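Number of protein chains: 2
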Amino acid sequence: MSKIIFDSGISLDGFLAGDHRSPANPMGDNGPSMHKWMYKQKAFWKNINMEGHGEEDGPDGKLINDVFARTGAYIMGKRMFEEGEVHWKEDLYKADVYVLTHEKREPWIQKGTTAFYFINDGIQSALEKAKQSAKGKDIRIQGGANTIQQFLHAGLIDEFFIHIAPIFLGSGIRLFEGMDKSMYDVQIMEVIPSDLTTHIRYKLTKKP
Amino acid sequence: MSKIIFDSGISLDGFLAGDHRSPANPMGDNGPSMHKWMYKQKAFWKNINMEGHGEEDGPDGKLINDVFARTGAYIMGKRMFEEGEVHWKEDLYKADVYVLTHEKREPWIQKGTTAFYFINDGIQSALEKAKQSAKGKDIRIQGGANTIQQFLHAGLIDEFFIHIAPIFLGSGIRLFEGMDKSMYDVQIMEVIPSDLTTHIRYKLTKKP
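Chains as they are written, first to last, in this note's numbering: chain A, 726 to 933; chain B, 726 to 933.
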């Protein structure tokens, strides 16, 4: 059965993105500095169709490959889509991507295997369609923070990775905002130390 | 030379303490659930003069012993002192403790080696006195969040431990609030995975 997961880099003070986020500045001020570990990984560039970049090929890269491999469909917010549309290569996701938006728009089928579908009736609707697409693989809530929070607050997340970068952002958009303290049992599944981040995988179980 | 350190348990959403903190509820609602790993450690109970409690004696306990051993003096806020005064055993700290407060009060010398001094003229004054007391060992900023933040924001912290508990508090007092994103270079020094928390030690270097 598909799990619903997310995978986010955050700063030591809990921010997913800095201030002044926009399509031209997608992670906000200082945001990209959180992802330095990722830019060093050959696996990262390979998975976004830019093979040849990167210098490392170790446990950090394996993690990136594993998350791509287990994901069968994506769900994202409209802002993330708009920011990404400017920067992404064609056929980035190699899967169906469901974009939560109020805008009515025809599906955008890219060359290759990436298709964007625009969902106007909320997260449950996106989830049902994503389950069909995923064919038993996992569904990744790609972001941004608001979209991840909608799924978290609805008790729908099964598992997540965070990559805690050794930097402070001071302000911006926090990943975990307004959590219900009695909704989930949380279990640490895996900790992977690294130089430029700390990877931790958690399992969530919704309390009865 | 003495380093200035702190050591705090935090929730996954970054809170050091829950809501409704008071002397009768020192870590706030659900706060104690963050410290489950600690209550299992023989070293914790031994260091607070309650030897015989606890069940584990592994890497988590070593960490507790190490932090106690390296600390030669403590600085804490008035609220933490007042909350602790109700609960602590005599001679808990076995060192000089400087309490930041507006209250004028004579030093409180406990049986053994713990002495509380009440400082009315700010963190620099407390720090100078703590350096004298520490005799080359480290100075631990014991808490609470506001006191740690005063030292963090002044660029004075050299190193810190956080213990990230797999729980959400949802609200309360955040450890890292209002950080200046360009004040420190941050380096991951050590990651110690565990079942009920993730220990991470960071080194801070103030940027020129």
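It is worth saying that the hints were derived from the structure and are not from the lab. What you are looking at is a predicted structure, and each value in this text was computed from that prediction instead of being measured. Please note that the accuracy of each hint is not assured.
In this list, chains with the same sequence are indistinguishable; a pair is considered to hold if it fits within one copy or across any two.
[To be verified] Straight-line Cα separation of at most 27 Å, DSS-like style, residue types lysine-lysine; simulated pairs:
hint: 1; residue 1: Lys932; residue 2: Lys765
hint: 2; residue 1: Lys860; residue 2: Lys906
hint: 3; residue 1: Lys765; residue 2: Lys931
hint: 4; residue 1: Lys931; residue 2: Lys829
hint: 5; residue 1: Lys787; residue 2: Lys856
hint: 6; residue 1: Lys761; residue 2: Lys931
hint: 7; residue 1: Lys761; residue 2: Lys928
hint: 8; residue 1: Lys761; residue 2: Lys906
hint: 9; residue 1: Lys932; residue 2: Lys803
hint: 10; residue 1: Lys931; residue 2: Lys854
hint: 11; residue 1: Lys814; residue 2: Lys803
hint: 12; residue 1: Lys856; residue 2: Lys836
hint: 13; residue 1: Lys932; residue 2: Lys761
Now for the hints, and whether the structure bears them out:
{"no.": "1", "hint": "Lys932 to Lys765", "verdict": "between (39 Å within a copy, 24 Å between copies)"}
{"no.": "2", "hint": "Lys860 to Lys906", "verdict": "neither (32 Å within a copy, 43 Å between copies)"}
{"no.": "3", "hint": "Lys765 to Lys931", "verdict": "between (36 Å within a copy, 26 Å between copies)"}
{"no.": "4", "hint": "Lys931 to Lys829", "verdict": "neither (33 Å within a copy, 50 Å between copies)"}
{"no.": "5", "hint": "Lys787 to Lys856", "verdict": "within (25 Å within a copy, 46 Å between copies)"}
{"no.": "6", "hint": "Lys761 to Lys931", "verdict": "between (33 Å within a copy, 20 Å between copies)"}
{"no.": "7", "hint": "Lys761 to Lys928", "verdict": "both (25 Å within a copy, 18 Å between copies)"}
{"no.": "8", "hint": "Lys761 to Lys906", "verdict": "between (32 Å within a copy, 16 Å between copies)"}
{"no.": "9", "hint": "Lys932 to Lys803", "verdict": "neither (30 Å within a copy, 38 Å between copies)"}
{"no.": "10", "hint": "Lys931 to Lys854", "verdict": "within (22 Å within a copy, 50 Å between copies)"}
{"no.": "11", "hint": "Lys814 to Lys803", "verdict": "within (18 Å within a copy, 56 Å between copies)"}
{"no.": "12", "hint": "Lys856 to Lys836", "verdict": "within (22 Å within a copy, 66 Å between copies)"}
{"no.": "13", "hint": "Lys932 to Lys761", "verdict": "between (36 Å within a copy, 19 Å between copies)"}
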